[in-house]
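Engineer: What follows is the residue order along each chain.
4 protein chains.
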Amino acid sequence: MIKGLSKAGIGQVRDEEFIRLAAEYGFGAVDIEAESLIACVGLEGAIELLGQHKMLIGSIGLNVEWRRTEDEFLEGLKGLAQSAAAAAALGCRSCCTYILPATDQSPALFMAQAVRRLRIIAEVLGAYDVKLGLEFVGPHHLRTAWKNPFIWTVNDTLALIDAIGLPNVGLLVDSYHCYTTGFTADDLRKQLRSEQIVHVHINDAYDLPVGQLLDNDRLYPGEGVIDLQGFVKSLGDIGYRGVVSQEVITPLDATESPDQLLQRSKIGFDKVFS
Amino acid sequence: MIKGLSKAGIGQVRDEEFIRLAAEYGFGAVDIEAESLIACVGLEGAIELLGQHKMLIGSIGLNVEWRRTEDEFLEGLKGLAQSAAAAAALGCRSCCTYILPATDQSPALFMAQAVRRLRIIAEVLGAYDVKLGLEFVGPHHLRTAWKNPFIWTVNDTLALIDAIGLPNVGLLVDSYHCYTTGFTADDLRKQLRSEQIVHVHINDAYDLPVGQLLDNDRLYPGEGVIDLQGFVKSLGDIGYRGVVSQEVITPLDATESPDQLLQRSKIGFDKVFS
Amino acid sequence: MIKGLSKAGIGQVRDEEFIRLAAEYGFGAVDIEAESLIACVGLEGAIELLGQHKMLIGSIGLNVEWRRTEDEFLEGLKGLAQSAAAAAALGCRSCCTYILPATDQSPALFMAQAVRRLRIIAEVLGAYDVKLGLEFVGPHHLRTAWKNPFIWTVNDTLALIDAIGLPNVGLLVDSYHCYTTGFTADDLRKQLRSEQIVHVHINDAYDLPVGQLLDNDRLYPGEGVIDLQGFVKSLGDIGYRGVVSQEVITPLDATESPDQLLQRSKIGFDKVFS
Amino acid sequence: MIKGLSKAGIGQVRDEEFIRLAAEYGFGAVDIEAESLIACVGLEGAIELLGQHKMLIGSIGLNVEWRRTEDEFLEGLKGLAQSAAAAAALGCRSCCTYILPATDQSPALFMAQAVRRLRIIAEVLGAYDVKLGLEFVGPHHLRTAWKNPFIWTVNDTLALIDAIGLPNVGLLVDSYHCYTTGFTADDLRKQLRSEQIVHVHINDAYDLPVGQLLDNDRLYPGEGVIDLQGFVKSLGDIGYRGVVSQEVITPLDATESPDQLLQRSKIGFDKVFS
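Chains as they are written, first to last, in the UniProt record's numbering: chain A, 1 to 274; chain B, 1 to 274; chain C, 1 to 274; chain D, 1 to 274.
Just to be clear, a hint being listed does not mean it is correct.
One copy or two, it doesn't matter: identical chains are merged, so the pair holds either way.
[Stated by the list, open to error] Quick list of in silico lysine-lysine cross-link-like pairs, DSS-like style, CA-CA up to 30 Å:
#1 K190 x K54
#2 K233 x K54
#3 K190 x K271
#4 K233 x K7
#5 K271 x K7
#6 K78 x K271
#7 K78 x K233
#8 K7 x K78
#9 K54 x K266
#10 K147 x K233
#11 K233 x K266
#12 K271 x K233
#13 K266 x K147
#14 K7 x K266
#15 K147 x K54
Everything labelled a hint here was simulated from the structure, so no lab data went into it. Owing to the predicted nature of the structure, the values given are computational and were not obtained by experimental measurement.
Could you build the full structure based on these sequences and the hints that come with them?
Structural biologist: The structure is reproduced here in C-alpha cells:
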C-alpha cells in the first residue's frame, strides 16, 4: 500500500510545497487536483515535480455536482473530460465523490437520478482509464440532517454500484465511515475484494459513543479508538495495493504548521502500518 | 391503434375462447401469456389460432419477481428467456410489469435494486426483440399501504427508465393511473413521445374525489369520469399505433357472462374511439 | 417533416446569412454548429436569430475523432459536452457522424473500438438529451479505398447500434447511401421504424451504374435518378416527422451564388415533397 | 492459486470419479458442468460431494452458441440462467467461452454481434454473480481456417471486453494461446491486472516453430517448451489467486488410464508450481 495525504489535516499549502513536504515525511501520494497542478506548473513541470519526489496523485475529486439540479449537473459535466485527462496525464487513475446519507429529495427519485448521472460520469472517466470511487458517509447526525434517509452502508453503496453497472466504479473506503457504520476490519476482510476498492481514506475517532461522532471532528490516525492496524491489515489481506490517504476533517483549522502536522501524520501512519 | 382486451373485466375464460370472443366483438389484441397458449395448443396451433382470428397478443406479463428477495428474483429469471421466446414466436413484442407506489424497504435501496434487476430483465427481453413496459400506479391509498413512499408519476418512472438506460424499456400508460396522478390528456400529448410507450391500459373511474379512488375498483371505459376520448386522441396525436387494452379491476367477479362483458366493453371502446 | 439545408450544396456563407436565406426560401432547418453560432452572436443572439426566422438546427456534426488513435479520440472528447450543451441550448437534439465503409485497421478491432467510443460519446450526448446519428456510406469505390471492408448497409449499421446498446443512438438515413446500397423506399417503409432515425440527408444521383457513383459527386434533389418522392413518402408512412436536410457534395465549388443555389434547392424540394 | 483439472487430458470419466481422483492427486478444482453434476446427484449431493473432497468447480462452459445464427443464440439463451444458477449454487463463479481467430462472416459485423450477444450473456451470468471469461485462441493455422481473420491477441480481446463494458467480463488466459501469440510471462506481469482474469488454462507446447503449433496437439504442463514456471509466477505476482486448470487437447485419446494421467498431471503441476 502507498501512504498518502490529502490537505484535510495539513492545512492550506500550495501544491508544490505539499508535494515536497509529503515526500520529505515519507509519503508516496497526495490527493490534489491534477488540473490545478498542471495549470500552475504546466504538464511537463507537473510530471517532473511528481517524478522528482517519487510522488503519485492518489485521487482527484469529482467536480461535477450530481446531487442537485439537472442544470448544475450538465454545467459541471462540461469540464469532466478535461479534468479526467489531466489526472490520466499525471498517472492518477482515481476520481472520488461522497454520498450524503440523507436528502431533501424523494430518496427513490434521487437514487434513480444518481444512477444515471454517475453512469454518465463513469463512462467519461473510464475513457481516460480513471475509476470512480463512491464514498459512503457514516456519522449518524447526518442521517437526519436532511428530510429523508438515503444510503450510508457498504452494502447499499455496492447496490448503487451494481445499479450503475460499469467496470470502473467502486468504493472509497474511509475508516471513519466504516467505524460509524459498524463495518469492522473483519467485515472488510471477509466481504470486500480489492478490485471493489478505488481509494482509501484513513483517520481516527474520539472515544465517544458511535452515534455521537461528528463528521467534521475527526482525529489523526493512531490518536483515537478505531482499530486502524486491523483496518490496514485487512486491506493488505484482500490484496489492496493502492493509496491510503489521510483525511482529517476538523471544525477549526489546525494551529500547528504544515511541518508539524506532517510530522504528526507520519507518527500516526508509522504506528498504524507497523 | 389496436383495440385490445385483458381478462380483467371479462372474467375467467380459456385462452382459445377468449381469442374467439375478442375477435367476434371487434377487438384486435388480447393480453395473455404466450407461453401458456403454446403449452395448450402448440406453437403451430397458437400461430394458426391467432392468424385465423386476426388477433395479436398485446402484451405478456413479466413473470420475474423483481420486487422482493434476491432468491425470488433469481428463481424467476430462470424462466424469462423461455417466456420472451414464446412471446416473440407469436409476434408479441411487449412484456409489462407494475411498480407499487410504496415499499416496506428503504426506497433508495429498493430503487438501486430495481434498476439493476430491471436492466437484466430488459437485456434478456431485448434479445428476443421484446420491450419492457413499466406501469406506474396512481391510486392514493396505495402510497401509504407500505411503510415508505416510492414512485408513482410519469416523470419519476421516466427517471427510472433513464437509470436503466436501455433502448427497449418504456412506459405502460394506464388511463386510471394517469387520472389519479393528475396526468391529463394534454400532458400526454405535450410530454410523451410515442416511442416511450410500450403498452396502454384503458379503464374508467367513479365520480369521486381523486384521492378516494381505489386501485381495485375501476369502471369499464366510457362508464366513468375520465376523459378517455381525449386520452385516446392524445395517443393518436403523438403517433402511438400500438395496442390499447382494457383492464377493469373490480373487487368482485362480474356476474355477467363473458359475452355480456365483451358486449359492454365493445360499447365502451366504440364510444371512446369515436 | 421539416425541410432542411446543410452548406454542402449552398457554398460558403456565414451562419447568420445562411439562416436568413434558408428562411427566405421556405426551409425550416439548417445543419450548422450550434457552438460556432453561439460563439459568433451569443446564446441570446442565437436564440433570437433562430426564433425570428422560425429556424431549427437540424443536426450538429460530431467533433470527436472516433476513427483514429486513442489520443485523438480522448482529445476530441474533451469538447463534446460543451458542444452538446450548445446544441441543446438551441433546441437541437441531433448530432451526426459518418462511418467509412473500409478501414486500414483490423475490421474486428475497429468495430470493438467503435462500439466503445461511440457508447461513451452517446452517453455524453444523452446527458444533454441529444441523439447520436450514424450515417452509413454507400458508394462502392470507398469500399476498397482502404485495406479492409468495414460496414455500409442499414442492417450492419443497426447491428452496430444494437452493440452500443443505448436508447439515443440511431441512423442518419441519406438517400444517396440508400440508393448505392440498394435500400429502396419500399425497404425503408417495411424495415425501419421512425424512432430508429435520428436525421435524414437528401440528394440525388447521376444516371450511371450504381457501382460507378462517386461519394463526392452528387446532384441536387430532383435532378437525378433516385426515387426521392418514394423515399420521402416512406419516411412519412413510418411516422418520421424530423428534419430532411439537403447535402449535395460536389467535386468543385458551385459557381452560382448562394441565392441561386437556394432557389435550385427549393425547386428540388418542391418537386420531391409534392 | 488453486490447481485444477479439466477432462481434456484425463479422458472420459464420470464427474463423481473425476472429483475423487482430482482430490486424491492433490488438485483443488475441476472444470465440469455444475448443472450436469446436480442432475446426477442432486443439489445436496453435489454440495456434499464437493465439500467432502474439498473440491471447487473452476469454471463451467458457456452453453450458448453466440457465434452462429440468431436462432441458435436465442435457443441457447433459454438455458443460460438455469446453468448459471447451478454454478452459483455450487460456489462456482466463472463461465468461459473461446473466440476463434477467424470467421466466415464479415469480421466487423461478427464483432458487433459478439459484443451484443456477449453483453446479454454477461448480464444474465452477472445476476448470479458469475463472471464471463473470454479465451483468445493463438495457434496460427486457425487464423486462416476460415475466410477472414478475427482476433487472437490479449489486446484485441481486451478491446472486445471494453466494448461489452460490463464489470463481470474478463480473460481466460491459456498458456498455449499466450505462447502462440508471443505474450510472455513478462508481458503478463506488466500488462495484466488480476481482476482482468476470470480463469486460467495451463498446458505445454512441442519444441517446434511457434507458427507450426497445432491447437489440438498440446502437451502436459512441464513436458514442453513453454516457460510455465514464469507464467505461474507472473500470475502470482499480479495477485491472481484463482484456479489454474490443466487443459491438454490432443488428437488421439490417451491410452493411459485416468489414474496414470492424473499422476502425470500431478508431476507436471509440481514442477511448474515449484
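Engineer: With 30 Å as the alpha-carbon cut-off, assign the pair K147 and K233 to within, between, both or neither.
Structural biologist: Classified as neither; 38 Å inside a copy, 41 Å across copies.
Engineer: Is it within, between, both or neither when you check K233 against K7 at 30 Å Cα-Cα?
Structural biologist: Answer is within: at 24 Å inside a copy they meet the 30 Å cutoff, but 39 Å across does not.
Engineer: One pair to classify: K233 and K54, alpha carbons no more than 30 Å apart. Within, between, both, or neither?
Structural biologist: Both. Shortest intra-copy (24 Å) and inter-copy (27 Å) distances satisfy the 30 Å Cα cut-off.
Engineer: Are the CA atoms of K78 and K271 at most 30 Å apart within a copy, between copies, both, or neither?
Structural biologist: neither (43 Å within a copy, 43 Å between copies)
Engineer: How would you classify K266 and K147 at a CA-CA limit of 30 Å: within, between, both, or neither?
Structural biologist: neither (40 Å within a copy, 49 Å between copies)
Engineer: Between K147 and K54, at a C-alpha cutoff of 30 Å, which is it: within one copy, between copies, both, or neither?
Structural biologist: Neither. Shortest intra-copy (46 Å) and inter-copy (45 Å) distances fail the 30 Å Cα cut-off.
Engineer: At most 30 Å between CA atoms: does that hold for K271 and K233 within a copy, between copies, both, or neither?
Structural biologist: Classified as within: same-chain Cα gap 12 Å, cross-chain 33 Å, threshold 30 Å.
Engineer: My question is about K190 and K271: at a cut-off of 30 Å on alpha-carbon distance, are they close within one copy, between copies, both, or neither?
Structural biologist: This pair counts as within: shortest intra-copy Cα distance 24 Å, inter-copy 32 Å.
Engineer: Indicate which option fits the pair K78, K233 if close means a Cα-Cα distance not exceeding 30 Å: within, between, both or neither.
Structural biologist: neither (40 Å within a copy, 40 Å between copies)
Engineer: When no copy is named, should K271 and K7 be tagged within, between, both, or neither for a Cα gap of at most 30 Å?
Structural biologist: within (20 Å within a copy, 51 Å between copies)
Engineer: Measure nothing new, just compare the shortest in-copy and cross-copy C-alpha distances for K7 and K78 to 30 Å and report within, between, both or neither.
Structural biologist: both (26 Å within a copy, 28 Å between copies)
Engineer: Indicate which option fits the pair K233, K266 if close means a Cα-Cα distance not exceeding 30 Å: within, between, both or neither.
Structural biologist: within (18 Å within a copy, 34 Å between copies)
In terms of the numbered hints stated before, the structure departs from hints 6, 7, 10, 13 and 15, listed from lowest to highest.
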